[in-house]
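A.B. asks: Can you build the whole structure from these sequences, using the hints too?
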Amino acid sequence: MTTGTRPLFHDGRVPVGRRFLLAERRRATLTVLGVAASLLLVLLLGGIFAGAIERVTFYIRTSGASVFLSQAGVRTMHMSSSALPADTVARLGSVRGVEWVSPIGLASGSVAGPRGRQLTYLIGYDPTGGHGGPATLAAGRAPRAGEAVLDEQAADTLGVRLGDTVTVLGAPLRVVGLSAGGSSITNTTVFTTAGDFARIRGGAPVSYVLVGAQRGLTPDLLARRVRAALPGTTVQTREQFTASEARIVTDMSANLLRLMSSIGLLIALAVIALGLMTATLARLRDFAVLKALGAGTARLAATVAVQVLWTVALAVLVAVLLGQLLTWALPLAAPAVQVRITGAAVLQLGAGALAVGLLAALWPLRRIATLDAATAFRESR
Amino acid sequence: MAVTARVQTSGVPLTRRLLAARPVRTAAGALGIGLALMLILLLSGLWAGVQQRVTVYEDHVGADLVVVPAGTESLFADPGALPAGAVGAAARTPGVAAADPIRTLYLILELSDGKAAVAAVGSEPRRPGGPWALAAGRRPQTDDEVALDAVFAREHDLALGDRVPVLGHQMRVVALTDDTAMFMTPLLFTTADAMTGMLRAPGTTGSVLVTLSSDADRSAVTSRLTAAGLTVRTPAQLHQAALTLATRIYGSPVRLMVGVAFVAGALIVALVAHTRVTEQQRDLGVLKAMGAPPGRLRAIALGETAALTALGAVAALLLTGVAGAILAWWWPAFPVAVTIPALAATAAAAAAMAGVAAWLPARRLARLDPATVFRSR
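Protein chains in written order, with the working numbering: chain U, 1 to 381; chain X, 1 to 377.
Bear in mind the hints are in silico, worked out from the structure with no lab data behind them.
Glycine included, each C-beta is placed from N, C-alpha and C at the ideal position.
Do not take every clue at face value.
Claimed, not checked - What follows is a set of in silico ranges between Cβ atoms, one per label pair, in the way DEER data are often shown: (1) Arg92(X) - Gly129(U): 39 to 49 Å; (2) Ala351(U) - Gly259(X): 37 to 47 Å; (3) Thr62(U) - Ala133(X): 21 to 31 Å; (4) Arg199(U) - Val254(X): 33 to 43 Å; (5) Ala198(U) - Asp193(X): 19 to 29 Å; (6) Glu99(U) - Asp193(X): 54 to 64 Å; (7) Pro332(X) - Gly294(U): 51 to 61 Å.
C.D. replies: Spelled out as structure tokens, the structure:
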């Protein structure tokens, strides 16, 4: 025997949880926005580091080289120093499968223009070889003696146009080209000739060597051959070098990200708990009526869980939308800061938010579990 | 009439009574606000800590003047190179008591537990530029020795006698240093010769630390060094350059984070304030039915929100203290410095949040229908 009301709850056609959540729209809106703001904080910090990884690895990814050589024990470019023996390039010439070799010099310093100065990596390369320089030129041409290619974003910040002279590591160079994608939150990139690099730095140091593979040869096989031919160096494929470079950012930011994520999720937990607690307390009589009509504790718990799901889903959606908006708007205000929100980051955030949301639901669930159905028949609170 | 007069006087501490009527909810609301304010305080504290820690080397460089490569403003970020002859040229300058070469640069260490960025310093043994406070061990003297920041060593499970790979060389840890945990890049010390060898840069140096004679005039010596073609910076200029650089790199993200935290905080305060007014609608309806004017009801909403925010601010201080203690234990290199300006900024943020958040319930109360009181719920 079933009561007439039971099927109403069991066939799932009455979305009680959603209705309870949305019955008080202002509270629901404030809860969702509060959670969204907390999640946005986590999403943005992760996005800033993801953006930094993208920029830090840009030169390596777009270089066209299959294999990179660096000083023994040096596996990165960012914040790194590398100096290779002078005979490295000559020895590479005898390695089977090498299509081209491009030695580059890399130094940290600053570039100064009319509107200030900026940290930069100075890359010295041989423009006649066609490798080792900027992947593409947004404007102008490759440098010759006394000239440089500057990243267009840095040029904009420093107030530099084609034909202007900038001071790079204390030396004047005329800007004849603008490259793209070489500026990050920390610094930009200036390309010059190997000759000018040697003049500015003193001597003719080779920091890294980029190696292109002959058609049909895998980077792994070429790397093995180069490793065998030059045992005193670090040899990495482009993928390995990119991953190694990205790990600088991830390893340096891991603690900070963990901390900020914990705080952001803690605040989301507090907002969800606060919203759910007050929503549940305000609707205790309704819950009691449902209980009096035959809804079990599990059914009532499900309504709370549904509220959590809706709150988290809407908050994640709002946070992602706001994050995307900031991804577009932030570079307009602060060109050096790139934000990249990935699908993996959104999924991770959603899972974290759901976990804290369910945790936050524990108190209302306990309150409902101990709720006396007779409350429904009392005249007032 | 008598009732109206009673309501209109401010003798009845309504705000306090309303807050005390539901202590658990008041505490929960204050806790939520406290968390949001704690976030702002932590971010401000982190920023203040970063600013204090990024100049730690420049503050202890132990020189009166520093000769740097042309164009160099920051010792670690744009180090450059000088011909080794610059050391002798500086030493021969009248008024200079000593000139000591140093090399400063960022390095990535390939440790067993991942990559770690350090600010590396190569200096002459027993000369200025090296570590200034040792927690254990002795200063590096030979070319295969390093001194590590003690906090960094603990984080990476490194101890005296261990080997650390630096530019492909296995260096032995001979000292752990105190007060050298620069933000994100703790200091690593070795000898100047070791650094020159590892960088394959013979015949060059990074910078030159200049110690003046006791009777020398700083500006006169600076002029002489500049006339000799050298670029000279004071430690104060290097300090300022490091600070400016940190502001340029971290400033925008930190400001953005504080902005989002402020919005989150304002929304939490608004949620708490709105919820309380909704819950108290019947009680406030009674007041209105008894003759309380809309202004009085608005004042109650504002007062309650302000009181909750004040409680939240107290909670934030306590939470920040707890969070600071946890951070000091869990991540000692995380530099949170709660300063007076940070406290003032957070208090201003709290006041602004309360002002923004109180608007919604105050508006709602002004339009409250006194008939609410006669409804069953």
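A.B. asks: For every hint, state whether the structure bears it out.
C.D. replies: So, going through the hints one by one against the coordinates:
1. Arg92(X) - Gly129(U): 39 to 49 Å: holds (44 Å)
2. Ala351(U) - Gly259(X): 37 to 47 Å: Violated, since Ala351(U) and Gly259(X) (Cβ atoms, about 26 Å apart) do not stay within the stated range.
3. Thr62(U) - Ala133(X): 21 to 31 Å: violated (45 Å)
4. Arg199(U) - Val254(X): 33 to 43 Å: With Cβ atoms ~39 Å apart, the hint holds.
5. Ala198(U) - Asp193(X): 19 to 29 Å: holds (24 Å)
6. Glu99(U) - Asp193(X): 54 to 64 Å: This hint is violated: roughly 40 Å between Cβ atoms.
7. Pro332(X) - Gly294(U): 51 to 61 Å: holds (58 Å)
The structure shown violates the earlier hints numbered 2, 3 and 6.
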